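A.B. asks: Read off the chains here:
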Amino acid sequence: GAVVSQHPSWVICKSGTSVKIECRSLDFQATTMFWYRQFPKQSLMLMATSNEGSKATYEQGVEKDKFLINHASLTLSTLTVTSAHPEDSSFYICSARAPDETYEQYFGPGTRLTVT
Amino acid sequence: SQQGEEDPQALSIQEGENATMNCSYKTSINNLQWYRQNSGRGLVHLILIRSNEREKHSGRLRVTLDTSKKSSSLLITASRAADTASYFCATALSSNTGKLIFGQGTTLQVKP
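Protein chains in written order, with the working numbering: chain D, 1 to 116; chain R, 1001 to 1112.
Calculated directly from the structure, the hints in this document are not laboratory data.
All of these numbers come straight from a predicted model, not from anything done at the bench.
Built from N, CA and C at the ideal position, the CB exists for glycine as well.
One or more of the hints may lead you astray.
Stretch-level coverage of chain D by chain R, calculated; a stretch enters the list once three of its residues show a Cβ under 8 Å from a Cβ in chain R [to be verified]:
| no. | stretch |
| --- | --- |
| 1 | 44-57 |
| 2 | 88-100 |
| 3 | 108-114 |
Pulled from the structure, derived: some chain R residues nowhere near chain D, Cβ distances all over 12 Å [unchecked claim]:
| no. | residue |
| --- | --- |
| 4 | Pro1008 |
| 5 | Ile1013 |
| 6 | Gly1016 |
| 7 | Lys1069 |
In isolation and in its complexed conformation, chain D is listed as follows (with noise of 0.2 Å):
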């Protein structure tokens, strides 16, 4: 079955620094990926959408400039938090559309993210 990783599992890092995660699907090529956010007992937020070779699509109140997603190859898209705050502590977690373009995501196992 498709399989998706993030790398790190978890970060912890301090206040001002930059984080950046990857999100790699292991066994197929995906040309959309996207990135959630999820606060301790809350849902997941779709922060953006990611597409290779071109620019990430942004949800409404999410800041490009903080969150940069690079989508370089069909197999791996990165988030990197800049200049990172407490506030931005988080579960940050990926997934990749099915190849079909189908409805279909899968998953990456998220990353939990502590500024100290």
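Since chain D is already given, all that's left is putting chain R on it; use the hints.
C.D. replies: Below, chain R alone, put in the same frame as chain D:
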């Protein structure tokens, strides 16, 4: 933006009982999906029901969809302690963007 609402927010039952969770949404959809998430973990896809379908089964799971009421329900029969998790509905909009909009989720606890 989040468009789905789920109820109840939390549900606690005994092993062997059935669990029913409901989801409501606001706009036209292509399909509705249900996911499970164990605490601190990723999502597990459970079932997808298309807008032209009314009911779907998968093992102990039964999903219904009422597009006129813009609502869906997930029934887990003969629950097990291992079913303890958060359950989310997610709607795929009619426009083929591939985006999923998640509901608030229901936290299910199944007591052994």
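A.B. asks: Out of the numbered hints, which ones does the structure contradict?
C.D. replies: Hints that this structure does not satisfy do not exist here, as all of them hold.
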